[in-house]
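In order, the protein sequence lines correspond to chains A and B. Position one of the first sequence corresponds to residue 571 (the numbering used here), numbered consecutively onward. Position one of the second sequence corresponds to residue 9 (the numbering used here), numbered consecutively onward.
Any given hint could turn out to be false.
[Unchecked claim] List time: in silico DSSO-like cross-link candidates among lysine-lysine, alpha-carbon distance up to 30 Å:
no., chain 1, residue 1, chain 2, residue 2
1, B, Lys-252, A, Lys-913
2, B, Lys-260, A, Lys-913
3, A, Lys-913, B, Lys-331
4, A, Lys-722, B, Lys-261
[What the hints assert, rightly or not] Just a few of them, taken from the derived set where beta-carbon distance is under 7 Å, the chain A residues facing chain B:
no., residue
5, Gln-677
6, Gly-678
7, Gly-683
8, Arg-685
9, Gln-686
10, Ser-692
11, Thr-700
12, Gly-714
13, Ile-715
14, Ala-872
15, Glu-876
Keep in mind the hints are simulated off the structure, nothing from the lab. Beta carbons: idealized from backbone N, C-alpha and C, even for Gly.
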Amino acid sequence: MTTTFADSATQTQMQHRALGLSDEHALEMYWNMLLARRLDERMWILHRQHQVAFHISGIGHEAAQVGAAFALKKGHDWAHPYYRDMALVLTLGVTPRELMLALFGKQGEISSGARQMPAHFSHRALNIVTGSSPVATQIPQAAGIAFAIKYKRTDQVVLTCFGEGSTAEGDFHEGLNWASIHKLPVVFLCENNQYAISVPTTKQMAVPNVADRALAYGIPGIIADGNDVLDTYRVVRDAVERARRGEGATLVEAKTYRPVPHSSDDDDRTYRSREEVEEWKRKDPILRMRQYLESVKLLNEAKAQEYDARAKQVVDDAEQFARNAPLPRPEFALENVWGELSKA
Amino acid sequence: MPVLTNIEAVTRTLQEEMRRDPNIFITGEDVGVRGGVFRATKGLIEEFGDARVVDSPLAELSIVAVGIGAALYGLRPVSEIQFADFIAPAFNQIVNEAARIRYRSNGAWTCPLVMRTPYGGGVSGGLYHSQSIEATYAHIPGLYVVAPSTPRDTVGMLRYALRVDDPVLFLEHKKAYRLIKGDVPDEYYTIPFGKADVKRAGTDLTVIAYGLMMHYALDAAERVARDGISVEVIDPRTLNPLDKETILASVKKTSKALIVYEDNLTLGVGAEIAAIIASDAFEWLDAPVMRVAAPDIPAVPFSQPMQDFFMPNADKIEAAIRKLAAY
Ligand SMILES: Cc1ncc(C[n+]2csc(CCOP(=O)(O)OP(=O)(O)O)c2C)c(N)n1
C-alpha cells in the first residue's frame, strides 16, 4: 500500500497548485480534516464514558467533506448538509465549541437550541440550513433553495449531501428531477460509504454507481475519489463552477468508506468483516493527505506533531467549554413553536 | 363592495398579493396555462409569467419541498396541491420539515410557505376527490391550518397567510368554491389566524362549524328560527390554533353546543372542540355536547345515495338542533 501512495504522490507532485490551491490552502485542508477527526474521536470517547447520549461519526469522510467545502464560497454559497458532515460544517465556519455544545445538549447550542440530537447542523449566518432526521428530505429542499437563487438571479450555489442509501428515497428522485428541469444551481454530493447502516449498496440499487443515475435526469454524474481531498475538491469545484455559470445541477458521487459503526448505537461487526474494515483503514484520507503533503515537502514529522498538539488543544478547549456551559431551562421546550401573530 | 365567489376571492387575492410582493411565486400541477383544474390560478401566468407561476412536475412531495427550500431562502412560495386527497406524499415534508423548522432551529430558520388545497365532499368526487384532511394536520404544532368559509374570510386570511412566517395549510372547500358568493369590503384588511367569527348571533344554542358546513349550519339556523329557536353560529376559521375564547364565550352564553364537521366523527376537529367545551365550560352546560359528522367509513362513496348518506347537510343539522334545543 505505501508504495502505491508514494508513486501516486510523485505523479501528482504539486497537484494542489495545478488545481489553483496555494500551499496554505493545502495545509488548511489537512488541518480541517485532522481537527474534524480529533473532535470525532473525542466524541466517541465521551459517549463510551457515558458522558453524552449519542454520537454519529464522520470518520473516513473528511476528504470528501473538506474537499467539497473548499469548493464553496463560505457564507455566500449555501449548504444543506446531513448528519455525517462535521468536517464540512467545520470547514465552512462552525466552531469546535459549537459542535461540542450540541453533543452535550447545552444552553446556547447554536443549531437547534439543544432541541435536536447532535449532528443536526445548522448555522443561519453561514447559510448552513437546518436539517432533520428523516434522510433525503434535504435533497428536494436544496432544489428549492436553488430555485430561489435562480429566481433572485444571484450567483450563489447550493450544495447538499447525503449517503447512497438515501438515494433510494423518492425525495432524491424528485429533487434531481426539479433541479434538472429548471437547470438549477445545485450540487448533489453523495458520500457513498457503501453501507446504509447494515445494508450494502447492492441492496439499495441495481446500478454500480450512484453517479449513473444522473443520466436519467439529463445532468452530469461524476465520480470522485472520496478519500482524496484534492480529487473531491476538483470534482465539486467543477460542479460549482458549472452551476454558477447557469448550466445547472451536477450529481457528484464521492466514493469512500465508514470505518466505524453507523452511530454510537450500532455494532458493525454484525454485518461486515474486520478484514474489510482494516483494508479501508489503510486508505485513510488523512493519512493519504499527510503523505501527499510530505511528498511535496509541505509537512514533516515535526510540523505534523505541531498540528496534532494544536488539534488536541482545540478539542480540549471545546470539551471544557461545553462541560462548563449551563443546561437549558426545562420550559425552554415551549419556545419557538410559532412566530408572533399580529393582533390586528 | 364587490360580490365574489370563494374561488374568485382566491384568484383575486393571489393576483393582488403577487403585485405587491415580488417574492411570491406559485407552483403546483397545472397552475400555469390551464390556471389550475379548478381555475383558481386563472390568468396569473399571463400577468406574471412562467417564472412566477410554475407548472410543477406531478410530484407532491417536491411541490412542498421546493416550496420549503425557497421559503428558507427568503421567498414566499404558494404550493398548490391539486386535491387534498393527494397531499399524503408530501406529509413528511409538511409535518417533519415545514412545521418543525422554526422549533428545530430555535427560531433561526422560519418557513413562510402557503400550501393551498381544495378539500371536502359533496361534489361526486368519490373516495379520492372528497377528503377532509384537516384533523391530521391540525394535530401538528407549528403548522397553521385554516379553512375560511366565505369570500370575505378567504381574502382576509389569504392575505394574512402571505404575511406570516410559519407554514400555512390553506384549505379551500371545493363545493363552496362557486356555490358561495359574498361581499368583500373595498378597504384593505387582513384576518389574523386564531380568531373565530360569530357568523350569526343567537341565544338558545351554539353551532360550531367551518367550511361548507358553516353554510349548512346557517341554513338550518334560519329554518329553526321560524319556530323561535335562536341559534348562534361560530366559525372557527382557523383550526390550529383554535380560538377557544370565542367558542367558550358563546357556549357559556347559550349553554348548549353542537359541532358540525364533514370529516369522520372519530378524532375529528370537532372532537377537540368538544373536549375544550367539556373541560372549560362544564358548569355552564345544560345539555351534552353534540356532534354531527360523517360516519367512520374510509371516505365519501361516489353513488349519490351513499354520498348523501355520508355528508352532513342542513336537514341533519336542523334535526340535531331541534333535539338539542328540546333537551
Ligand atoms: C426516512 C428515514 N428512514 C430511516 C432512517 C433511519 N436511518 C438513519 S441513517 C440510515 C442509513 C442512511 O444511509 P446512507 O444514506 O447511505 O447514509 P450513511 O449513514 O451511510 O452516511 C437509516 C436507515 C431515517 N433516518 N430516515
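Tested hints:
1. Lys-252/B to Lys-913/A: holds, 16 Å
2. Lys-260/B to Lys-913/A: Holds. Lys-260/B to Lys-913/A sits at ~24 Å (cutoff 30 Å).
3. Lys-913/A to Lys-331/B: violated, 38 Å
4. Lys-722/A to Lys-261/B: Violated, at roughly 53 Å.
5. Gln-677: violated, 11 Å
6. Gly-678: Given a least distance of 10 Å, the restraint on Gly-678/A is violated.
7. Gly-683: holds, 3 Å
8. Arg-685: Result: holds, 6 Å to nearest chain B Cβ.
9. Gln-686: Cβ of Gln-686/A sits 6 Å from chain B, so the hint holds.
10. Ser-692: holds, 5 Å
11. Thr-700: This hint holds: Thr-700/A lies near chain B, its Cβ roughly 4 Å from the closest one there, short of 7 Å.
12. Gly-714: holds, 2 Å
13. Ile-715: Status holds, d = 4 Å.
14. Ala-872: Given a least distance of 42 Å, the restraint on Ala-872/A is violated.
15. Glu-876: violated, 36 Å
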